[in-house]
Amino acid sequence: MDLRLSRRRLLGVAGAAALAGTLDVAGSAFGSPGDATPSGVGGGRSVRRPARVSGEPGSLPDPTVPAGTDLVPQIENFIVVMMENHSFDNLLGMLGRGDCFPKGPDGLPTVVLPDGHGNLVRAFHMPSECQTNGVGNNWNLTHHSWTGHTNQGCVEASSGESVGYFDGSDLPFTWSMAATFPIADRWFASVPGQTDPNRRYLFAGTSLGEVADVFPDDLPPNGTIFDSLNRHGATWKNYFSNLPSIGVWLPLLSQPSITTHMARIDAFFVDAAAGDLPQFTFLEPNYSQSSEENPQDIQYGDQFLGEVVNAVMSGPQWSRSMLIWTYDEWGGWYDHVSPPGAVPPDDVPPNLTANMAPGGFDRYGFRVPAGVVSPFARPDFVSHELYDHTSVLKTLEVKWNFPALTRRDAHARDLFDMIDLEHPPAFATPPTLVPPANPALTASCLASGPGRIPPRSAVESGAVIDTPHIRPPVLPGGIVGSPYHASLEASPANRHSRWAVLSDDLPPGLVLDVATGAINGVPTSAGSFGTTIGVRQDRGPVGVRSYTVVVAA
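Taking the working numbering, the leading residue of the sequence shown gets 57, the next gets one more, and so forth.
Bear in mind the hints are in silico, worked out from the structure with no lab data behind them. Nothing here was measured: the structure is a model prediction, and the numbers come from that model. From the three backbone atoms N, C-alpha and C, an ideal C-beta is built for every residue, glycine too. Check before you lean on any hint, since a few could be wrong.
[What the hints assert, rightly or not] If you anchor each label on the Cβ, the simulated ranges turn out as follows:
no.	residue 1	residue 2	range
1	414	132	43 to 49 angstroms
2	545	224	43 to 49 angstroms
3	595	477	53 to 59 angstroms
4	436	159	16 to 22 angstroms
5	532	496	45 to 51 angstroms
Turn these sequences into a full structure, and let the hints steer you where they fit.
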C-alpha cells in the first residue's frame, strides 16, 4: 500500500532544471553533465583501520574484527543536528573560510543570473532575517537550477530570492561556530530533491526511489542506522521538538524498538547537563519555527543551534563528544559549486512522473553547510573531502564497525578527518562563541515583513534580450475524469521552441508536450496545482511563466 502523506499528516501520525534532458542531453537543460572537482584534500587522518575491501551492503570498515567492535574509543558520544533548506553559499558564502562565493574587488559576490523574464539578478544580502516562499527544492527545480553543471538556472526555476544570502549579522552564533570549529565545503545533499528523501538517506543510505516529500509504507531492506545501533547494543535517542523525522520511514513510528528511544527536546537539555546523553543522539528543531526552512525567521534557528551546541560544550560529556551539524538540502538557494556524481545506493530507480526531469541517484544534490564541534576538532580547518549525509552513517559505522546499509554509505567518506585524536585536544576547554540571535528581543521580521526581495539595486531590467514570452497568462481549469487540453505559445513564434516543467508539476494525469507546448490528458485528482513552465527557443535564453491549474472533482 502506498501511503501519500503531508508533513501535517505525519505530525498527527507521530503524535505530535529542468528542461533537463528534454532539450539536449539527459540530466541537463543547456549543457553536458560534468562533475565538480574538490578544491583540495582534507587533513591527515587520526583514525586508523584497514582499507575497505568491499563497497557493497554488509561490508565492514574493518573485516578483521567482529561487527560491533569499538574502533574509535576516544569518542563516546555522537550528537547530530540537522537543520533545513539552505545552501552553503546562502549561509556561509561570505564567511571567508572554504570555497565561498566568487567575489569582485569590492568584496561582493560576482554571481549574476537570468530570471526568465528578461532581467538579470545579482547576488544580494537579504534585507531581513525572514524568508518568503520564493524558493523551492523539488526535483524539477533542482535539475533546472543545475543546468548541466553550470548552476545558472536557479532564479529561472525559482525566483530572484534564490541568489539572496545571509551573513554573520543575521546568524551570529552559526558564523562564530563555523569560524572556530572545522567546516566542510564539499558536503552535498544526498538527493537532488526535497527534504524527506534526503533524511531517508541520513537514516538508511537510500530513499528507495523517492525524490519528493511523500511517505510510502515501506522500509529499507537492510534496515536503518537505528537497527544497527539496537542490534549491537549502542544506546541512542531521538530528541524531537514537534515532529520526529524518523517518520520519513513511516512504519518505524509503530515499532517499540524505535519509539522507546524517542523523547521531547526538553529532555535533551536535562540529559546534557546531567551527563546522561546516549552514545548517539539525533536532535530536531521545531519544524514550524526554528528549522530555518522558508518562510521562517532564520534567527530562531540560530538560537536553537546555539542552545544545543552550548549545552554539549558545557556538559560533563564534552571531553568525549563529537557533534555534527548540517542541513538536509539546499532549499532552492544558489550555490556556485556543481553537484558531482555519486554512487547509486541500490538498483531502485527514481519514482518520476511524465513531466519530471530524467535522472537517477548517480548525482548528489546541491552543497549544504556542515561542520563538526568537538574538543578534538582541528583548529582553523576546512575539510575539502567529498561528503553527503551518508557520511554520518559511515562515521558511526567506522566507530562501531557496523556493516554498510547500501552501496552509497559503503563508499562514503567518514568525518574523522575533521578531528585529531593523536594530539591533546585543541578545545579541551570549550571556546566562548558569539551568543546566538534572540529574535524575541527585536522587532521580528515575521511581524514587520521580510522587505523587498530582491531589492531593486540587485535587478538589471531588460538585460537579457530575446527572452521568450509565454502565453496565455492563465491556464483553464479542469474536471477529474474529463479530457483536458491547453496550448502554450512562445513569442516570437517563428523560432524552434522546447518546453519543460521547471518546478513542481502539472495536475496528475496531464502531460506537457515538450515539442509543441500542448498540455493534454485526463486529470485524476482534484485540487489547486502550481507549476512553472519554461521554454527555450533555438539556443537562446529561457523564458518562464508560473501557473495555477484548478481541477474540480
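Now for the hints, and whether the structure bears them out:
1. 414 <-> 132: 43 to 49 angstroms: Holds, at about 46 angstroms.
2. 545 <-> 224: 43 to 49 angstroms: Check passed, 48 angstroms falls within 43 to 49 angstroms.
3. 595 <-> 477: 53 to 59 angstroms: 54 angstroms, holds
4. 436 <-> 159: 16 to 22 angstroms: 21 angstroms, holds
5. 532 <-> 496: 45 to 51 angstroms: 47 angstroms, holds
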